[in-house]
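Asks: Make the full structure from the sequences, and use the hints.
The sequence shown begins at 209 in our numbering and counts up by one.
Incorrect hints may have been included.
In silico lysine-lysine, DSSO-like type, Cα no more than 30 Å apart, as pairs [stated by the list, open to error]:
no.	residue 1	residue 2
1	324	231
2	605	357
3	339	324
4	324	300
5	361	605
Here are the in silico distance ranges between beta carbons for each label pair [unchecked claim]:
no.	residue 1	residue 2	range
6	477	215	52 to 62 Å
7	334	459	31 to 41 Å
8	275	465	36 to 46 Å
9	584	334	41 to 51 Å
10	290	578	57 to 67 Å
FYI, nobody ran anything at the bench for these hints, they're computed from the structure. Virtual Cβ for every residue (Gly too), placed ideally from N, Cα, C.
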Amino acid sequence: MYDDYFGEGRVHRALYTDAEIFKHEMLRLFGSTWIYVAHESEIPDAGDFVTRRMGLRSVIVTRDLDGDLHVLFNRCSHRGATLCREESGNAKVFTCPYHAWSFGHDGGCRGRPLPKGFGASTDDFPYDLSKADHVESYRGFIFAAIDTKLSLKEHLGGAAEKLDEWLDRNPGSDLVVQNGSMPFEMRTNWKCVYDNAADGYHVPFSHESLLRMLSARYGNVDIAYYEGDFDALPLLVKDLGNGHTMLDQRPLMHADSAWERQHVLPGRESIWSKLNEDLGEEEALKLLNGSTGSGMNLNIFPNLMIIGNQIQVLEPVSVNETIVRWYSTSLTNVPPEINAVRMRMQEDFPSFGEVDDTANFEACQIGLEEIPEAEWVHIGRHMDSRLGETDTDGFWKEPVSTDLHARAYWQAWRTIMESNEGGKA
209 MYDDYFGEGR VHRALYTDAE IFKHEMLRLF GSTWIYVAHE SEIPDAGDFV TRRMGLRSVI
269 VTRDLDGDLH VLFNRCSHRG ATLCREESGN AKVFTCPYHA WSFGHDGGCR GRPLPKGFGA
329 STDDFPYDLS KADHVESYRG FIFAAIDTKL SLKEHLGGAA EKLDEWLDRN PGSDLVVQNG
389 SMPFEMRTNW KCVYDNAADG YHVPFSHESL LRMLSARYGN VDIAYYEGDF DALPLLVKDL
449 GNGHTMLDQR PLMHADSAWE RQHVLPGRES IWSKLNEDLG EEEALKLLNG STGSGMNLNI
509 FPNLMIIGNQ IQVLEPVSVN ETIVRWYSTS LTNVPPEINA VRMRMQEDFP SFGEVDDTAN
569 FEACQIGLEE IPEAEWVHIG RHMDSRLGET DTDGFWKEPV STDLHARAYW QAWRTIMESN
629 EGGKA
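Replies: Here it is, written out as structure tokens:
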């Protein structure tokens with residue numbers, strides 16, 4: 209079906225620019241695989257809800273009175289109006305503003321005004337809200353699927369192990385995602401963003417001004433190791449299966465102390481002084497190292513990217529429009545200074561590096577759209593260098609400047625898009 213769009217180490221520009229392909233992605237790809245929708249800490253109590261998207265589908269993620277999770281399509285079953293117009297909240301029922309039909313947390317129709325007007329002729333009408341058939345949570349991360357044969361654990365595959373590692377950096381603490389999100393609106397195809405999710409090749413070039421500023425002010429800190437032949441360093445990209453990947457910077461970021469390597473943050477001295485005084489140097493450093501940065505870019509295909517302490521979610525809008533939402537995270541059972549460090553870290557890169565990345569994504573989209581004669585996009589770096597190998601966990605890994613991430617997710621993309629499963633037109 210898509211043979212003409214793929215070559216050895218290359219993909220066709222139409223995969224980023226063709227509106228019909230985008231339409232099929234939204235129906236099939238986002239309709240037949242597990243999509244990340246929310247974190248359980250965002251809806252901790254009965255009746256809590258958030259509105260999110262599964263591709264172009266607006267959904268309501270709810271917790272019912274028994275604590276069970278549901279992902280409802282945000283469309284009144286009566287005339288099709290958008291049902292819930294709030295981003296989050298707590299509701300006894302969801303009532304449509306049009307004709308006041310109401311629905312429970314599980315999507316069941318609870319009320320229709322003037323019920324005598326509804327006779328036996330329409331008893332078989334689907335009055336309840338449509339919803340995702342499959343909803344599962346993995347360690348607080350809620351995923352939903354409309355049509356899939358895989359369990360969530362099967363879909364996550366090797367990514368589950370890496371998500372465990374990301375969460376287990378702070379034993380005794382739970383992750384909290386309750387501070388809203390920072391949306392970045394970009395004029396680009398969603399895959400231009402995902403291409404970059406484990407791209408170590410661009411760092412010293414796209415973020416040169418940021419690295420130069422950090423070096424001038426603070427010396428050899430943060431990600432200053434991206435210089436010279438950085439492929440010779442123990443920085444790796446790993447294929448975790450099913451389109452999931454990881455860029456692993458931990459061998460260098462955590463070689464000694466991530467906290468001591470981190471550049472100066474507002475309040476750094478007072479935070480260290482307070483924690484050192486209250487907890488002692490060893491425990492203070494342990495907590496700070498676990499909160500400064502993960503050293504991982506973990507990508508769970510097709511819409512979840514975990515970078516540092518942040519959660520990023522891709523929201524395709526059109527073939528050349530995308531929203532990337534950054535969600536900050538905090539921890540339970542830690543001193544407030546630790547969450548202050550996490551917040552300062554989470555303000556840092558979005559304010560500087562994301563601007564560089566957005567400019568690149570939008571420039572790629574312009575070039576792909578405006579020049580049809582140049583048909584191909586290169587994703588073949590390190591295909592022939594023989595530098596890849598299987599690590600001790602069984603994952604294929606290559607040097608940090610590889611295109612392994614792109615090749616891995618495009619393989620998953622093609623498998624799903626050429627399958628017989630998927631959403632309805």
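Asks: Now, for every hint given, state plainly whether the structure supports it.
Replies: Now the hints, each set against the structure:
The straight-line distance between the Cα atoms of residue 324 and residue 231 is roughly 41 Å, outside the 30 Å bound, and the hint therefore fails. The straight-line distance between the Cα atoms of residue 605 and residue 357 is roughly 28 Å, inside the 30 Å bound, and the hint therefore holds. Distance check on the hinted pair: residue 339 and residue 324 sit about 27 Å apart at the alpha-carbon level, within 30 Å; holds. Of the supplied pair hints, the one linking residue 324 and residue 300 holds, its CA atoms being roughly 24 Å apart against a limit of 30 Å.
For the given pair, residue 361 sits about 22 Å from residue 605 by alpha-carbon distance, which is consistent with the 30 Å threshold. The beta-carbon spacing between residue 477 and residue 215, approximately 55 Å, falls within the hinted interval of 52 to 62 Å. At about 54 Å, the CB distance of residue 334 to residue 459 disagrees with the hint of 31 to 41 Å. Taking the beta carbon of each, residue 275 and residue 465 are about 40 Å apart, inside 36 to 46 Å as hinted.
The hinted range of 41 to 51 Å is satisfied by residue 584 and residue 334, whose Cβ atoms lie roughly 46 Å apart. The beta-carbon spacing between residue 290 and residue 578, approximately 35 Å, falls outside the hinted interval of 57 to 67 Å.
Hint compliance for this structure: hints 1, 7 and 10 are broken, all remaining hints hold.
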